[in-house]
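Note that the protein sequences, when read in sequence, are chains A and B.
Residue numbers for the first sequence follow our numbering, so the first one is 79 and each next one is one higher.
Residue numbers for the second sequence follow our numbering, so the first one is 7 and each next one is one higher.
FYI, nobody ran anything at the bench for these hints, they're computed from the structure.
Be careful, since some hints might not be right.
[Unchecked claim] Computed cross-link-like contacts, SDA-like style, restricted to lysine to any residue with a CA-CA straight-line distance of at most 25 Å:
| # | chain 1 | residue 1 | chain 2 | residue 2 |
| --- | --- | --- | --- | --- |
| 1 | A | LYS156 | B | LYS67 |
| 2 | B | LYS557 | A | GLU200 |
| 3 | A | LYS634 | A | ILE449 |
| 4 | A | LYS156 | A | GLU145 |
| 5 | A | LYS544 | A | ASP516 |
| 6 | A | LYS156 | A | VAL130 |
| 7 | B | LYS546 | B | GLY508 |
| 8 | B | LYS517 | A | ILE449 |
| 9 | B | LYS546 | A | SER206 |
| 10 | B | LYS346 | A | ASP239 |
| 11 | B | LYS467 | B | HIS559 |
| 12 | B | LYS327 | A | ALA245 |
| 13 | B | LYS67 | B | ASP127 |
| 14 | B | LYS327 | A | ILE141 |
| 15 | B | LYS334 | A | VAL91 |
| 16 | A | LYS143 | B | LYS467 |
| 17 | B | LYS519 | A | VAL130 |
| 18 | B | LYS504 | B | LYS517 |
| 19 | B | LYS517 | A | GLU200 |
| 20 | B | LYS135 | B | LEU124 |
| 21 | B | LYS327 | A | ASN387 |
| 22 | B | LYS504 | A | SER206 |
| 23 | B | LYS562 | B | GLY452 |
| 24 | B | LYS519 | A | ALA202 |
| 25 | A | LYS143 | B | GLN535 |
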Amino acid sequence: MIKLTIDNIPVEVQEGTTILEAARLVNINIPTLCFLKDINEYGNCRMCIVEVEGRNNFATSCIQKCEEGMVVHTHTKKVMDARKMVLDLTLSNHHKDCLTCVRSGNCELQKLAIQYNVKEIEYAGEQSEHTVDDKSPSIVRDFNKCVLCKRCVATCKNVQDIGAIEATNRGFESCISTACDASLNDVDCTFCGQCIMSCPVGALREKDSTEEVWKMIHNPELFTIVQTAPAVRVALGEEFGYPIGTNVKGKMVTALRRLGFDKIFDTNTGADFTIMEEANEFVERISNGGTMPMMTSCCPAWVRFAEKNYPDLLEHLSSCKSPHQMFGGVLKSYYAKVNNIDPAKIRVISVMPCIAKKFERTREEMESDNIRDVDSVITTRELARMIKQHDIEFSELEETEFDNPMGEASGAAAIFGVTGGVMEAALRTAADVLEGKDLGRIDYEAVRGKEGIKKATVTVAGKEIKIVVASSLKNARIIMEEIRNGKADYDFVEIMACPGGCIMGGGQPIKSSKQRATIDIHKLRSDSIYTIDEKSTFRKSHQNPAIIKIYDEFLKKPCGELAHKYLHTEYKEEPKYNI
Amino acid sequence: MKKTIDEIEKIRWERRSDLDLRVNRNTPNTQRHILVCNGTGCTSSKSPKIMEKLEQLIKEKNIENVRVIKTGCFGLCSKGPILIVRPEDTFYSLVKIEDCDEIINSHILGGQIVQRLLTKDLNGNIVNKLDELPFYKKQKRIVLKNCGLINPEDIEEYIAFDGYKALIKVLSSMSRDEVVEEVSKSGLRGRGGAGFPTGKKWSFVKAEEENQKYVVCNADEGDPGAFMDRSVLEGDPHTIIEAMTIAGYAIGANQGYIYVRAEYPIAVKRLEIAIKQARDYGLLGQNILNTEFSFDIDIRLGAGAFVCGEETALLESIEGKRGQPRLKPPYPAHSGLWGKPTLINNVETYANITQIILNGSEWYSSIGTETSKGTKVFALGGNVNNVGLVEVPMGTTLREIIYDIGGGIPNGREFKAAQTGGPSGGCIPKQYLDTQIDYESLKAIGSMMGSGGLIVMDDTKCMVNIAKFYLEFTVSESCGKCTPCRIGTKRMLEILEKICDGRGNEHDIEKLKVLADSIVKSSVCGLGQTAPNPVLSTMKYFMDEYEEHVKDHKCKAKECKNLTQIEIDPEKCKGCDLCKKSCPVQAISGEIREIHTIDQNKCIKCRTCLQACPFKAIH
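So that you can see chain A by itself, here it is in the shape it has in the complex (with noise of 0.2 Å):
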């Protein structure tokens, strides 16, 4: 154990340990701006450097280890005064226009500039002037904004393993570039959106599609369907100050409601048809000696990124399309012809704890009878905005249920949210129908948890399964890597881009880096998605009642015609670059 004193206080920490960790836990904040825990760790942008007796420099806080003895102080007004001055600074570089970007009051730079009391910039000069990208569906970069903390880049190396972005030309002239400059949308970015959450700023942000979605409920002619995926409902309250995880499902039905959506359903439904599909297909595979491994579909930044990477190993991938996209399709047709509604008329709304959606939307193959599976996509983030703009009260809203018949959906569909939940809801149904009978509650605790690769043998029906689950994209290539290599003999793979899986999507609420270094957000959000597993009528899929009653009047059976005409899909080689 190292002991120091930081501004007067003894403190007595693990070797290896930070000053700015060492402070936090004796309650002194240092503040920063490019720390971002395990990720980024650099010491950049100089806000959190504190003073050491005995240099003649400042110490980078959030990279210095502790030392035996030494005496620390964190708000000196000599520390103070050059913090301010960086602050000063970056703001001198960076398009003030807070009131109207879309990170105003989550915004890092913000705080501080508020915190430090900078009213005016001391030294204003040439700011730097670049295009704002927003080619693609998905995400808008506008470095105008960008701080140079390089948290996005650091997400996209470290976290990711794509490094799609990263910094080019030098000192004043430095940014943030992909290759050759070109846009997000033509190089190997996957729109997995983790660069957004660690974004301090708002140089990285969704594409705003609330607009659009507007319009779509101000339009009489128009019949609108509202979906929700399993992770937003755990995550949507962080936005109106309740605690991290949270389950505000009843709350966002009836806030949903009230925006004007003609009908509110749950994308868990549409879960429920890609377990039912996703578990077929697996025991088709395995029984008729299919592609092996089978690799699970449901992220679209994960196929995006399979595409542009692992084009020799595409026929692993299930064909089955992701929930909201299987659930759109079932909506224009089934329920569109049940209810005697127009399927040109019905708009179909994903709220998505995800980016990649977006873009996943607009895949020319996402539709049936040239029908658009979907119509729009909106984040967590975008759908909190809708309901403030709205001006709903949303803490004293009644809970309400979603509307039926497609509103009722399986635990194993709310497990879709994390990492491991495709897989175990899978392998629930998988089991009942090799052993052709209910086998009663099975769980399997070995996907379950944050771990980026989870690897089991489980038996079902007599057999030996080999499973692997993995989430980040960096893990999906120490996968796809031993399966393109043959030193890996798994059956069935999960893989899910976020780390952790949806419920930490790149649509999620953002959390500050000091949040994110403190608080295991993703624990909290996972445990409200299992309890509602817990606490479902129906835990598989197989069994929700209203999936039967579908395939007893329409879709008829799993992996048959009609369902791959509305519930599968095909992918193709995607060229890296666009350029």
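Using the hints, position chain B against chain A.
Frame of chain A; chain B shown alone:
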């Protein structure tokens, strides 16, 4: 063919007697070597063509016993292309291809020295021999001892002049501790600029318990006007290879990297040749000289980023990443290249090693001052008569370098300041001309040793403008990693531009100071921490000029155009009309033999008329 120690010694003995005429004037004139500088300076003024021509003439005329030798830099670059004929030591300067015939016919064949190609000292006296030149008299050559003496592309010439003798000594009779001890005792300090004790650095890396260690040579010389390291690499590449190998033995490394900028193509080529030769002779590679010790060296090219001279940015660049500094600690000695203990020294530091090993630490530490031992190479430039490369013992005064070696200020102008340490250093005013140069004394007067750029400025230089020049350099060379350097230096430059444009006010000087202080304290690396130095040091010694700019809106040195008026002194004007003819914008009027005047509204302050006036009437 790999050689044994005995074979190397045999080569040394045989080749040395061949080459003795290069150093021994008393060698009978039966053989002659014409040494032709092939450093970057002379090469760009066509010295390779001169070599070709000489060789062609020698062949045509069937002259025996004369060889033309390619060498590195002689140092007096402003007089290039330079030829030296040995053993008589005739120093020909500013030689042209057309002069070759005369040199061969008159000198080589006729025994008559070509007087018109000899150089003159400041008093106009012809100087026959190199070591009679005042430029060389006060120099002491340790680092540059082989530059201009040997053919850098011939390993055997290097061996002839004690090359690889230090390595043999180390491998055959010294323990690793003894090598480190010897370097420590010599008092050698890092020549890259900061002056960290070299022996201490070696001992840190040696003490690391790790199987894989690296030796790195920082040859990313980037200061404007500096070419010390380039000249060593071009003139004596083997000394760096030998020193790095000794370092590898001492610290326990088996791999070395030379990080050299791609803008030094001659240095790179000669290093490549030298490394290949060393490998062929068994002086690099597995089991060097049949010992247990193995060591090899590879070259890594830098793409010309100044910041890559910063050791951690250099390591990042070698690793293939964007050249940006890492935060220290951990220092490279503990965690360097690919996280392994790494010894990084600069070219000039390594160039001292073989001499320390051969002559002993006592000899080395007898040269220099109390805290700074040995010699220092300076690239002398700016407003000084002898522009070139000089090596002097530590403790030599600025006055000796500028006046005795450099030959003083040209055009009868006054000395104003000397800039040392490049963009990280500062400007030293007249009152410190007698300061004995060492690490501490330069720091005490607000500058630094730096890598060795020494730029002399006369009284036509505006110090605010000089500060602006250095800031321009830093702004464009900042890597952009940390906020104070990336944006802060840019804002400093903007303030300086404002002042030089005549838009400045007194508040700007205060703002500049506050910002400079903040950048020094809070930047990540040495580049940012020292970037404000040119401003701080000029403010310290030339505050009157800053004040003159912002209060009186005048620039005494007349460099800042908006603060300057070009005027014709009616007392001196003879009405010769030359100024009028030279003016590109027809701003000057006046009849012949009448006093001329300048229309200030038209004048663009290009100063062409100043050059044109034969009576110095325009200022």
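Item checked: Holds or violated: LYS334/B to VAL91/A, with C-alpha atoms at most 25 Å apart -> Satisfied, since the Cα-Cα distance of roughly 21 Å is no more than 25 Å.
Next item on the list: Take a quick look at whether LYS519/B and VAL130/A sit within 25 Å of each other, Cα to Cα.
Entry: holds (23 Å)
Item checked: Pair hint LYS517/B and GLU200/A, alpha-carbon separation not exceeding 25 Å -> holds (9 Å)
Notebook entry, point to check: Is LYS67/B within 25 Å of ASP127/B, Cα to Cα?
Noted result: Given that 25 Å is the threshold and the Cα spacing comes to 34 Å, the pair is violated.
Margin query: Next pair to validate is LYS327/B with ALA245/A; report whether the Cα-Cα distance is within 25 Å.
Written below: Holds - the C-alpha atoms of ALA245/A and LYS327/B are around 11 Å apart, at most 25 Å.
Next item on the list: Given the hint that LYS156/A pairs with VAL130/A, test it: the Cα-Cα distance must not exceed 25 Å.
Entry: At roughly 12 Å apart (the allowed maximum being 25 Å), VAL130/A and LYS156/A satisfy the hint.
Next item on the list: Compare the distance between the alpha carbons of LYS135/B and LEU124/B with 25 Å, and conclude whether the hinted pair is satisfied.
Entry: Holds, because 9 Å separates the two Cα atoms, which is no more than 25 Å.
Check: Hey, LYS504/B versus SER206/A, does the alpha-carbon distance stay inside 25 Å?
Finding: holds (19 Å)
Note to self: For LYS143/A and GLN535/B, compute the direct alpha-carbon distance and say whether it is at most 25 Å.
What the structure shows: holds (21 Å)
Notebook entry, point to check: Given the hinted pair LYS544/A and ASP516/A, is their alpha-carbon gap at most 25 Å?
Noted result: Since the Cα atoms of LYS544/A and ASP516/A sit roughly 22 Å apart, the hinted pair holds (cutoff 25 Å).
Notebook entry, point to check: Holds or violated: LYS504/B with LYS517/B, Cα cutoff 25 Å?
Noted result: Cα-Cα ~12 Å, so holds.
Check: If you draw a straight line from the CA of LYS467/B to the CA of HIS559/B, is it 25 Å or shorter?
Finding: holds (16 Å)
Checked against the numbered hints listed earlier, the structure breaks hints 1, 8, 9, 13 and 16; every other hint is satisfied.
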